[in-house]
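Colleague: Here is what each chain is made of, one letter per residue.
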Amino acid sequence: MTTDLIHWLLYGGAMGLIVIGIVGVVTLNNIFRIVLALVIAEAGANLLLVIAGYRFDAIAPILTGSSVNQLMVDPVPQAMVLTSIVIGVGIQALALALVLKVYQNYKTLDIREIHQRLSTDIDSNSGVISLLSSEQPAGERPLPEPSAQNETAQLNQGGDK
Amino acid sequence: MNNIAFNVALPLLTAFLLPIISNNSKSAARFIGPFVLLAMLGFALAYFNMLEHPIAIALGGFRPPLGITFHLDNLSLLMACIIPLIMLLLWPYANKEGYREESLLLLLAGSASGLALSSDLFNIYVFYELLSVASFGLAAANRTGAAFAATFRYLVMSGLGTVLALTGIGLIYTQTGTLNLAHIGLLASQLNNPVGLSAFALIVVGIGVKAEIFPVNGWVPEVYSTASPRISALLAGLISKLAVLVIIRLLVVAYQVPEALNLLLVLGMLGIFWGELSAWRSRDLKRMLSFSSIGQLGMVLVAFSIPGEAGMFAGIAMMLHHLIVKPALFMLTEYWNGAIDKLKGAAKSSPLAAILFMIFALSLIGVPPLPGFWAKLLLVNGLVEASASLYITALVVLLTATVIEAHYLMRTAIHIYSKGKKKQRKKLHQTPFNLTIVSVFAVVLIVALVTLAPLGNKLNKIAAESSDRALYINTTFSTKQAPMRKQTSLDQQMSKVQ
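Chains as they are written, first to last, in the numbering used here: chain A, -4 to 156; chain B, 593 to 1090.
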């Protein structure tokens, strides 16, 4: 009875960590915090895997050579979790390197600002007037000549601020 | 006999050795990449030629379900052949100094081959992660602020997808106690419950980040318009197909239930809807093509959601068609990268490129007699035959999407063929090297058109083989490899189940 309760508590905890991580990634604005939320979600997934193979009445899955036939914990999920932790560390390091690079280029950690800068960068690279401005109607319109276009782009930027 | 393992091991090894080789000899580092890709192609082709019926190779000599197996059938070997071929076409030959991009590309080739061949869920997860890391590096290779920001958003979405997929794999493990795809297929009845189905949904959404599936494809337009066209071509053409391949393997082997099929169908329809409408709305070529690729991937998903052989046939045809057409179109954006309005006069400055664009655009829309038409026809036939109300809705969505597709692609074509100012025209000139690569894709498309009947037969055979669940399971459990350990109780249990 109690082991059952603990089991469900652990499952709930793992799921909870995953949910906290996902909610964090979706709602947070600071990109460093987003990386941390990702780490929490990964921890949840790893915990879920470990619990999947765990038994309270079993020993660690190490062959000691003794002939005692005792129940062992399932070693497969543990091997998997080891791999996925290592992979996770790699991904997190890469994410932090990217955070650094983004900060060096855009001088901000706010995901909304980064997204906006990214959109305007892509727009200006391809020579399209930014669609982010609320005054700009969507759909196909005849674009103004390049000189006028630059002015409109500037006006739009001014309007946004 | 286990040569096919080299398809994974060789590129991975070379990828990590490349920096050292480059330190010693720059010229050796330049040639070793294409050489390894050619070797991969050779191994894959050798198997492809002698393959009569699917085989499973137990790596390390342990028999399934405990050992890890590679599943070699026509579909996975076809992908294993296509991977080095496309890599060779899109290889950065002009890059004289660097080894970074080459190294990442080899990493991508190795992990992609592993993803295509592996039949073990956890192996698939590891290869998928390797693939992700390589593609992050390639997406950020331009080293501009926009590229870094786009890659960061891609990484976060992909990381979240990985967590979901890993959770899904964990849930499948709790239900079946195994990770081998064939063994999971054997125990499929245990997965037909809320936990099993949510595991499938989690894996679809998780792996779907790479497959540009509807709710998790926000990164697509950003990455494709900041990365260099070669990388966009690779990601849109090849990598998305490999992710789809993983999903359909799981679908065929373990989830032939209406709930799973309907999930794919609905996600596919939403993808078509969102992708095509956004493509219609976007006003520069790169973003238009990236949204259109979301729409096309939606169509592939809809095709695979049709139960049975017909759906598999249509799906494989759509997949291969998109695999040829989209990289070629992305390669054209190397010099035609501006707004669509600025493409005026492009046909004057490089007429061949304009003709090639027309061929690919028409095939993408599905104008007969180009291959795209036959692929779409198969999909439409399949949807009509499936005849459930949801499939008919998908048919309506598909045909509407085709009209939208025709509008935005023809709008672009009109701009390309209209007169432009001389000054602007000069920028739109395509280099001969780029044109050669695009022409190779066009030649493949035209050869496919000429040999339509035998190609159709071959694809039909492949579809029949890969939609056969029992064949997949039997193949894995009849591996000839001698066991390196004693028979365990699990083995006896397995033989009883069989």
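No lab work stands behind these hints, which were simulated from the structure alone. Bear in mind the structure is a predicted one, so any value in this text is a computation, not a measurement. Wrong hints could be hidden among the right ones.
Taking lysine-lysine and the DSBU-like style, the derived pairs with C-alpha atoms no more than 30 Å apart in a straight line are [unchecked claim]: (1) B:688 with B:618; (2) B:936 with B:1050; (3) B:940 with B:1019; (4) B:1053 with B:940; (5) B:688 with A:96; (6) A:96 with B:936.
One-sided excerpt, in silico: chain A residues whose CB lies under 7 Å from chain B [as the list claims (entries may be wrong)]: (7) 35; (8) 37; (9) 43; (10) 82; (11) 92; (12) 109; (13) 111; (14) 116; (15) 117.
Computed from the model, here is a short list of chain A residues facing chain B with C-beta under 10 Å [said to hold, decoys possible]: (16) 29; (17) 33; (18) 89.
We treat Cβ as the ideally placed atom computed from N, Cα and C, and that holds for glycine.
Colleague: Look at each hint and say if it fits the structure.
Modeller: Right, here's what the structure says about each hint:
1. B:688 with B:618: holds (8 Å)
2. B:936 with B:1050: Violated: residue 936 of chain B and residue 1050 of chain B sit about 42 Å apart, past 30 Å.
3. B:940 with B:1019: Holds, because 12 Å separates the two Cα atoms, which is no more than 30 Å.
4. B:1053 with B:940: Roughly 44 Å separates the two Cα atoms, so the pair is violated.
5. B:688 with A:96: holds (25 Å)
6. A:96 with B:936: Roughly 37 Å separates the two Cα atoms, so the pair is violated.
7. 35: violated (10 Å)
8. 37: It holds, given that the least Cβ distance between residue 37 of chain A and chain B is near 6 Å, below 7 Å.
9. 43: holds (5 Å)
10. 82: holds (5 Å)
11. 92: violated (9 Å)
12. 109: Holds - the Cβ of residue 109 of chain A comes within 7 Å of chain B, reaching about 5 Å at its closest.
13. 111: violated (10 Å)
14. 116: Hint holds; residue 116 of chain A Cβ to chain B Cβ min 4 Å, cut 7 Å.
15. 117: holds (5 Å)
16. 29: holds (6 Å)
17. 33: Holds, because the Cβ-Cβ distance from residue 33 of chain A to chain B comes to roughly 5 Å (cut-off 10 Å).
18. 89: holds (6 Å)
Consistency note: the structure conflicts with the earlier hints numbered 2, 4, 6, 7, 11 and 13.
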